[in-house]
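Peer 1: Single-letter residue listing:
Number of protein chains: 2
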Amino acid sequence: MKRTITQIGIIYSPYAEKQDCPIQGAFAPESRGRVEVYPAFVKALATIDTFSHIILIYLFDRAGAVELSRPTFLDEEPHGVFASRHPCRPNGIGMSIVRLDSVQGCVLHVSEIDVLDRTPLIDIKPYVPKFDFRADASNGWTDNKDTVTKPPGRE
Amino acid sequence: MKRTITQIGIIYSPYAEKQDCPIQGAFAPESRGRVEVYPAFVKALATIDTFSHIILIYLFDRAGAVELSRPTFLDEEPHGVFASRHPCRPNGIGMSIVRLDSVQGCVLHVSEIDVLDRTPLIDIKPYVPKFDFRADASNGWTDNKDTVTKPPGRE
Chain A
91 MKRTITQIGI
101 IYSPYAEKQD
111 CPIQGAFAPE
121 SRGRVEVYPA
131 FVKALATIDT
141 FSHIILIYLF
151 DRAGAVELSR
161 PTFLDEEPHG
171 VFASRHPCRP
181 NGIGMSIVRL
191 DSVQGCVLHV
201 SEIDVLDRTP
211 LIDIKPYVPK
221 FDFRADASNG
231 WTDNKDTVTK
241 PPGRE
Chain B
91 MKRTITQIGI
101 IYSPYAEKQD
111 CPIQGAFAPE
121 SRGRVEVYPA
131 FVKALATIDT
141 FSHIILIYLF
151 DRAGAVELSR
161 PTFLDEEPHG
171 VFASRHPCRP
181 NGIGMSIVRL
191 DSVQGCVLHV
201 SEIDVLDRTP
211 LIDIKPYVPK
221 FDFRADASNG
231 WTDNKDTVTK
241 PPGRE
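Chains A and B are the protein sequences, given in the same order.
One point on numbering: in our numbering, the residue at position 102 of the first sequence is 192, and numbering is uninterrupted.
One point on numbering: in our numbering, the residue at position 49 of the second sequence is 139, and numbering is uninterrupted.
This is chain A alone, in the form it adopts within the complex (with noise of 0.2 Å):
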């Protein structure tokens, strides 16, 4: 099965290039961006200032050449990409979830945001703690892994 996936916002945020991006946006809490949805889908936005929390799901529009299995920058080892959250995946889908400080019609003011500048939005979900929380997940090959600096030339 396909499905042609349509652009519904823009990401806004103060990163225009990858090495500048925080590696998670739990660890950035300061950073600061904005998601402007195209106005026809305004409705869909209905009552989602009662959250504190969404998930941003949009394309890597800029990851280089998907390879199924390679290191990230927690450490040297090859992970398979489905065993991480490396951009270079296939379909090439990204989330993040980030906090909703305020809500202007079209446009939601977030923090704690880890995406490209201009980064194309395809879905907005609530972040919602009592479906999205797993008391007893164990953090798998990332656990005590703490390492946030970005080798060179590696994404």
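One copy or two, it doesn't matter: identical chains are merged, so the pair holds either way.
No more than 25 Å apart at the CA atoms, straight line, and that leaves these computed lysine-lysine pairs for DSS-like: (1) K108 with K220; (2) K108 with K92; (3) K92 with K133; (4) K133 with K235; (5) K235 with K220.
Think of the hints as simulated: they come from the structure by calculation, not from any bench.
Given chain A, put chain B in place with the hints provided.
Peer 2: Coordinates of chain B only, in the frame set by chain A:
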């Protein structure tokens, strides 16, 4: 921007019909299924078995027409679909966190599943609490809504 998304596997569950499907996997710990990733992508699963939970990204292939604002199963009020997890949404992309019970080659045995049988899979990401948990997040309009009965005919 548009992108053509291609299926990377199939999600199997006990739920052939929408009315049988749990509303959220977090409330259905005994709900078991399996994810079959196409063999071409097996390398992308390397080290996924180190995680207790994964995030499935899939296509709502049997959803009705897109409506930007509509009631969910939690109350009778309309909510914008970007403020709910409703399947009838632009681009029709679904997201579920499931428990990863075991991995056998291209087959992932999972539980806590709330997806229809034979749903087209388009991505898998690891669920990583240190990235994905927001301790101070609100439940928004879903707070204190515990209705889990599905009104007949409503998606």
